[in-house]
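Student: The residues making up each chain are set out below.
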Amino acid sequence: MNSDTAATDLVGRGNREGAALFRDWFEELNETAASGGQAAYVFVMGSINEILKSFDLPVVFPEINSLQTAVRRVSQEYLEEAEDHGYSPDICGYVKADVAVQLRGGEHPMGQIPPPALAVLTNACNTYIKWAEIWERMYGCPTFTIDVPGTREAGGQTWPGDSDFEADRKYVEVQLHELINVCQAVTGRKFDIDKFREVLTHANTMSRSWNRILELNRAKPALFSALTDGTIFLGVANGFRGTEAGARYFERLVEEMEYKAANGIGTAIEEKYRLLFVGVPCYPIFRRFNELFTDWGGTFVNSTYLWFASGGTNRGFEYDLQDPIASLAEGVLVSVRDAMDAMFHQNEVLVDMVEEFGADGVIYHPIKSCRTVSTGLADGRRYLTKERDIPTLFIESDMMDPRVVSEAQMKNRIDAFFEGLASRRRLAGTKG
Amino acid sequence: MTVTATRVFPEWRDKSLDDALLECRDLVESAEFETVARWRESGGMVAGLFQVYFPEEIVHAAGMLPFKMRGAPLEPDQADSHFGSYLCSILKTSLELVLSERVELDVFFSHPICDAARNLAAIWGRNYDHPSQIVYLPQNPNSAGSIDYLRHEYDRVRRVIERVSGRKIGDDDLRRSIDVFNENRRLMRELYEIKSETPWLVAAEDAYALVALAGMMPRQEHNEVLATLLPMIRERSTKPEDRIRLVFEGGFCEQPPFDLIRMLGRTSYVVDDDFLIGLRWITSDVPTEGDPLRNLAEAYVERSTYSPVQHDLRKPKEEMLLERIRQSRAEAAIIAAAKMCEPGLEEQVAYTHALDAAGISYFVSEFEENMSSFDQLELQLETFVENLLFA
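Chains as they are written, first to last, in this note's numbering: chain F, 16 to 447; chain G, 7 to 397.
All the pointers check out, no bait thrown in.
Derived lysine-lysine pairs resembling DSSO-like cross-links, with alpha carbons at most 30 Å apart: (1) Lys245(G) / Lys21(G); (2) Lys321(G) / Lys185(F); (3) Lys185(F) / Lys174(G); (4) Lys287(F) / Lys235(F); (5) Lys287(F) / Lys401(F); (6) Lys345(G) / Lys321(G).
Please keep in mind that the hints were generated in silico from the structure rather than gathered at the bench.
Please model the entire structure based on the sequences and the hints provided.
Tutor: What follows is the structure in structure tokens.
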């Protein structure tokens with residue numbers, strides 16, 4: 016393959032293949048809904064796909080369904096339908112859009128969503144628990160909470176061998192065994208440990224690759240936008256975790272990124288400023304939101320979203336196939352805890368990330384819908400600006416509700432931020 | 007005088023019942039938490055325990071004051087810049103209490119009760135040097151592993167408290183504290199029995215104040231207050247009036263303004279509620295024989311009430327509410343939620359649908375601890391009550 020062909024084939028392949036996999040995934044859900052088959056509802060921060068895929072259960076991620084209504088600019092009608100049903104304007108928009116999907120019998124812009132035969136959730140977000148209670152009431156389906164104890168105090172993470180860690184790990188392991196029993200009861204199938212090992216092998220490939228991809232984006236220019244391209248990668252990381260297709264996709268994505276790194280190929284824009292993103296994207300104006308930064312040459316080189324919305328897959332934890340359930344318990348504990356740390360204690364990693372990724376600025380985007388992600392951001396920003404001399408921008412809007420997204424106001428603040436960055440750079444040049 | 011023998015609230019003593027209750031109300035209504043300051047002045051240490059439930063016995067056993075952080079009716083002038091928009095008030099006013107130096111803590115604990123509260127320990131930790139932690143109460147109490155896990159988590163808390171207080175906490179210390187808290191739980195149950203059986207004897211705001219005191223003074227002293235005043239309340243000669251019996255639901259975390267509770271008391275009999283439910287979470291005595299930490303863990307999981315912030319397959323919240331209404335023979339319910347409180351607002355939907363199905367009247371409302379004008383709300387509530395009375 017000559018270099019021109021390689022560039023044509025490789026560059027952008029991850030986005031093309033990711034979109035195709037997404038279509039396949041929703042097609043599978045469509046078929047499941049049409050045939051009356053079983054599906055499991057799960058969440059991005061700890062889907063426990065490793066167990067569900069070993070029972071061949073199609074997985075529905077209501078968070079992804081909801082954000083798709085926003086990207087496709089129909090979220091408001093879904094939100095209003097849930098509000099008419101009694102849900103407050105002040106609660107999570109993801110929950111409300113999903114309630115409307117369920118009230119519509121699964122009707123969604125990307126296809127038909129099957130009802131849950133089972134819901135599996137972690138406590139990484141408390142709203143997951145309240146959300147699953149809604150399905151319990153609607154469908155009477157089993158819901159299973161995998162309770163994952165998180166970091167008790169900043170910097171206080173414990174590790175294997177420590178009695179506190181082992182107590183947490185044991186608790187998670189007991190719950191995983193209980194979940195397997197629930198899956199057997201729901202599906203009528205026996206748990207197959209060999210199939211489970213196969214699923215874990217695919218998950219290991221994905222974790223290793225995801226970790227590598229994030230690391231590769233330290234390249235200058237950045238190889239992908241953590242905001243836009245990263246969201247596609249995240250979709251595959253969640254929907255296809257533990258599958259051969261998912262593992263293959265990520266191996267090929269590493270290949271693409273390594274090629275781009277070796278050849279100095281960045282994103283579609285000329286990179287002038289390297290930015291870190293903290294929060295959740297503004298999906299109601301997703302493309303435009305990104306353009307407000309790229310128009311100034313701003314590229315998002317990393318984000319806390321790529322960490323927590325992958326359920327901590329970024330850690331690259333690999334399961335030990337000799338003792339698979341105990342190892343899954345450890346992996347879930349370490350990874351989901353890391354996802355929670357990316358929200359509650361993100362200030363500490365950002366301090367290092369600023370250096371490692373050569374960031375010029377940090378964009379905080381707290382949103383009305385998500386208190387898990389947003390509550391600590393103002394205080395975290397205070398911490399970061401004390402620790403590092405780096406410009407930050409704090410803009411509030413929402414991930415779902417166009418009624419609280421003011422593009423004009425946002426643009427004014429973003430423009431002013433970049434003018435500040437430009438002037439800072441000029442000043443540094445003068446001094447230098 | 008030892009710290010544990012310290013009394014921080016002498017004002018109510020040797021007074022008539024009405025005057026004693028007035029002192030209790032004044033103390034609870036104030037945003038100054040004078041009793042905590044008095045405790046510190048006597049050399050005591052303070053653990054700030056954010057809503058909803060915390061095993062206070064562990065803190066008590068170390069001779070520290072377990073201080074229930076339930077927000078306060080004040081403006082979060084300094085705390086505001088630490089938070090963004092769209093958040094409940096209690097987060098901000100709890101932090102304001104320490105930023106404004108009204109309250110000084112030696113350790114702070116939050117819980118995974120909601121997405122906002124989980125962030126609080128991290129925020130605290132970035133601003134204070136003392137330990138600021140989350141206690142991970144089990145969110146899968148239906149798992150066979152939950153009690154073992156929680157026993158270990160309580161042991162971890164014991165180690166933290168030992169480090170902070172500089173005092174070893176032995177099992178016998180814990181048993182003595184469990185005894186004190188068992189007595190407190192018994193007295194609280196007695197207060198709620200009076201509210202339910204003879205609500206004309208105790209005004210809603212007085213009952214609320216008597217409970218809230220528990221979170222701001224040594225529990226032995228609170229036991230003295232209740233043990234003295236409850237018999238006096240029972241002896242009152244107040245006659246029953248033709249009022250609607252109401253259950254108030256929605257006070258599990260952020261507290262409604264005291265004046266709102268007073269207004270409810272003027273309009274109706276509040277025969278049961280979930281105000282400060284964490285102080286009344288465990289519903290029966292905790293055994294003192296055997297392993298005290300396991301007993302506390304077992305009580306949390308097996309012998310406890312309900313709230314929107316605990317998911318337990320055995321306790322569907324709407325069925326628990328219907329049971330609360332049946333038990334207290336209430337005729338209607340106030341289904342309230344603090345503004346921006348995700349779990350409270352979400353639960354309102356399930357509650358109202360269940361009440362509709364059961365044919366029980368209800369009034370839905372939102373509140374904020376700092377709200378000061380109730381004219382509109384009072385008018386709405388009076389209309390609701392009148393509709394029921396004259397239906």
